[in-house]
Amino acid sequence: MSSSSSSGLTFKLHPLVIVNISDHYTRVKSQQAHLNNGVASPSSSHPPRVFGCVIGVQRGRTVEIFNSFELLYDPVTDSIDRSFLLKKQELYKKVFPNFYILGWYSTGTDAQESDMQIHKALMDINESPVYVVLNPSINHAQKDLPVTIYESELHVIDGIPQLIFVRSSYTIETVEAERISVDHVAHLKPSDGGSAATQLAAHLTGTYSAIKMLNSRVRILHQYLLSMQRGDIPCDNSLLRQVSSLLRRLPAIESVKFQDDFLMEYNDTLLMTYLAMFTNCSSTMNELVDKFNTTYDKHTRRGGRTAFI
Amino acid sequence: MDSVDALIAQIQGLSSSPEDINALHTHLNQSEELLLSNVNRLANSLEQLDPSKHSLGYLYLLEASTSGPISREQSGEIVRCIARFIMTCEAEQIRLAPEKFLSVCKRLKDQVMLLQVPIQGIAPLRGAVHKLQSSPEHLTPLHPDFLLLCIMAKCYKAGRSVLSDDIIEVDQPKDFFLYCYYGGMIHVGLKNFRKALEYLHNVVTAPMTSLNAIAIEAYKKYILVSLIYSGQVPAFPKYTSSVAQRNLKCYSQPYIDLVSSYATGKISELETCFEANMEKYKSDNNVGLVKQVLSSLSKRNIQRLTQTYLTLSLQDIANLVQLGNSKQAEMHVLEMIQDGEIFATINQKDGMVSFHEDPEQYKSCEMIERIDSSIQRVMALTKTLHAIDERISCDPAYLAKMGRERPRFDLDDFDSVPQKFL
Amino acid sequence: MEAEEDGPTSMVDAMSANGLNSGEESRLKPIISSEQMDVEAYASLYSGRTKIMRLIFIADRCGNQTMQLEALRMAYDEIKKGENTQLCREVVQKIGGRLGPAYEMDNDWANIVDRRAELRKEKLDNELNGYRTNLIKESIRMGHNDFGDFYYAHGALGDAFKNYIRTRDYCTTAKHIIQMCLNVILVSIEMGQFVHVANYVNKADQNPDALDPTTVAKLKCAAGLTHLEGKKYKLAARKFLETGIELGNNYSEVIAPQDVATYGGLCALACFDRTELKNKVIDNVNFRNFLELVPEVRELIHDFYSSRYASCLEYLENLKANLLLDIHLYDHVETLYSQIRHKAIIQYTHPFISVDLHTMASAFKTDVIGLEKELEALITDNQIQARIDSHNKILYARHADQRNATFQRVLQTGVEFDRDVRSMLLRASLVKHEYSLRAARKI
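Protein chains in written order, with full-length UniProt numbering: chain A, 1 to 309; chain B, 1 to 422; chain C, 1 to 443.
Treat the hints as calculated values from the structure; they're not laboratory data.
Please note that a few of the clues may not be correct.
To be verified - When the alpha-carbon atoms are kept at most 35 Å apart in a straight line, the in silico DSBU-like pairs for lysine-lysine are as follows:
id	chain 1	residue 1	chain 2	residue 2
1	A	29	B	401
2	B	106	C	432
3	A	212	B	383
4	B	266	C	432
5	B	266	C	373
6	C	432	B	401
7	C	320	C	80
8	A	291	B	280
9	C	442	B	401
10	B	282	B	327
11	C	280	C	320
12	C	373	B	291
13	C	432	B	195
14	B	195	A	291
15	B	280	B	327
All chains, please: the whole structure from these sequences, using the hints.
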């Protein structure tokens, strides 16, 4: 269903749209969880799909998507609430006279068959709407944004001309205000396996990966030498010479004094790391205690709570 | 008669997949009276079931069959039966009916105590604890029972494995109090006073709305262990409940006297206090601990000497610490050297003791490992804290209260996002 | 006299028992001084009521019959010059007829004085009432002032105090205020109520322009005395050291310049560290003038500074007996002495890595056992960083290894932190449970 687009349009996406979609999705999901109230039911394992419209400006071959708003989806008829859409469009037109409805969005992993209905329904507003899909599942390994933009194209399949979704590439365009808010959101919580938030962490990560690579390479060499010793592999003298010269380059100091000083420094660094760790932990604990006290404080007092926990 | 057989057939049939088990569970709930009315027959029916596969059904039958009064001859058999069941049952199934499991285990404990062989109950109950726990950080009502059996049987080491889990989730305050109290006693038995103090401290400072007997007993032991470990009893921390702060001291007057005589540093005073209150200590079963307090005083005095003297004659030690003679002093010093409490060498020729500094230089590989493991621990703790923090942030009760406070602030000032890494 | 032979031996006892005997004992023991205090010379330094009080005090405290009688005689003479009949009766009782008929209660004199007092009092009363009706501020003030003087002369200190206080409302110039303050201070010191002294010294200090150097000096002395009474030796030392030489003999109703030197010197020695001692005392040109008056104190301070502890302690001992007869210093002597001794010991051990206890004992004129006990007390108190080798009787300095101490503390803190956080989580769990129970019950 998805191949690369050939329409030649360049898409520019603003971060506001992405934040809007993700906010919509999160809200619906947590409200649903609250309603279910923790009762394990099979339906909750399927994340809800949310739908909405994207609006923006099209200038020549460039389509710039600035904003978005939510739409009511009727799961019975499997279509968008038309009147609501028109009303919203009118309201937005008043505030942003330049923006037109460029297309619609939804969440999910990929474009689905049923989406084509909605897509066709929108075609009367915009001849060639775009379809923005946000993938809400968190994948730490993925480097790119989980957002894909689809266009519809008429392709001939099995002799029948059909509208299918084709993937388009896009770039992110940021306005100054958006940059600040994105920065703010990014600092909320450094993800566990994600990119480093500070320079120090970046530096240490680099050093760590370098050492890891060195370690694995040395291990390979070691294996190689062992097998050579066992006789599994024929002796290759030139390689042996290279290995020996490598070894001679290593500054291996073996004196007792070095060992002593080295261990002392190692211990000192570890101690400082330890101190830093539990200082950090105590700050987390502090926030936790504040939140806990707010939630479970039996006396409603404004300011100045006694030691409660 | 037939209904029981029908029930058994059902149990055998429906014990394979999770949905079946749920159905079986509801069915079993409905057949409770049936089971209770046919108690005598159940023993035979139990033979037909396999505890490892049909755990849930077996559990119900077992519970019903032991619900009535049990005679002495039967109790031995019952104990073995329950023990076997616990060791072989399947954890998933019994977690569906935790109260039944709990009552079965309690019956085991009662029987074992009646028969005065607490040691028989230890292994089964330990298995039971692990099976009932949803995670190693969860406290079950079985924990205090298990620890009680360990104490009665004096098998402290067995208790240690359960105690080494760090508990974070607690359901019932009573379980918690008993657990900490028994845990403290076990550690005292293992002579690990630091951990004992931790447990007893938890009991004393736990939030409570009304005073309970466990806290009082725990406070008495807390005073004694505190004296042994650090030589003084710290004041109540701020977070102790006001109930505890006001009332605990009234019930433990003889121990407070002990504290004041300990503070003088003189063995004679301590001994007189001990004699005076001997009856009360006996009635609280704390005589052993009080004796340890006495010996700890002389040890502490000797330790103080290590701070001021480099060498000291045994006779001088005996005089300064008020021990009887130099032989006693030598014994004490030897004991302390062996326990690692002081670093010294005794020169028997001229009766001199030389005190040394702590030889630990903090430069060794063992130290590295020690610090590393501490770091790992703190990291795990931080992760737990983060998880709890997130959970509370999404808690509707918290959000409701935060929302209520919002209008008080200016929109500019109010920042609900913690600025952690800016 | 027989006292002199006994003198030196009792001195040695007193020395080795230094700091270990409590102050009460020395008060009960008769104090035998090796140099007889010259009561006459001492008394000539003072005037007015304080002279009498000091003489009575000496008579009560010294164990020496001759000195006692001498003091009482002088007191009687002094009282006769004044108008305090009550005090006269007391002194006569103390004399108990030992000084012969000339020192009996002279009732005639007493009656005359009393009657005169009555008349004067009436007159003053009438005058004051007259002034009050006329509402002339200055006269009312002077009237109250006269009343105060009158009561003071007759020993009714409370009434004197009240009257002096009353003049406050009628003071118009700064000079008046200062005069009032000085009067109140005088009465309060006599009464022993040093709280008022402190207040009124502050009050007087608030008018710096009207103060001439003598008054400044007087106020500083008064402040110093307050601190001394309150056992704040460091502050007392500072005040005494700041007293200007203009004091001279102008404040003999309260204090003599010799006293300023003694109090200031001793307190400084007990409390200041070496730098402060050098700057504020030894290099202090102003204070040097005071120290000239009491050469022993000067020598003693210099000896301490140059580590000649033996002679320093000797001077101290010599002075001790006389100081115990001083009305302001007597109950502070023991404390100050023990503090000075401790400082001496600490200073002695400070520059060395190891000290032989025998040499140290001879430097401090004590025996090794006693010295060891003193050192043990100081080490336990953490004033000296050292350890005693009891076998060889050597004191070794010990410098704590910072790195090890840090490691220990960090590991300890980590363990405690871990324990505390886990306990907190447990308590949180309990609280949450209780909360949900309560919520469930409410529904």
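Hints violated by the structure (numbers, ascending): 4, 8
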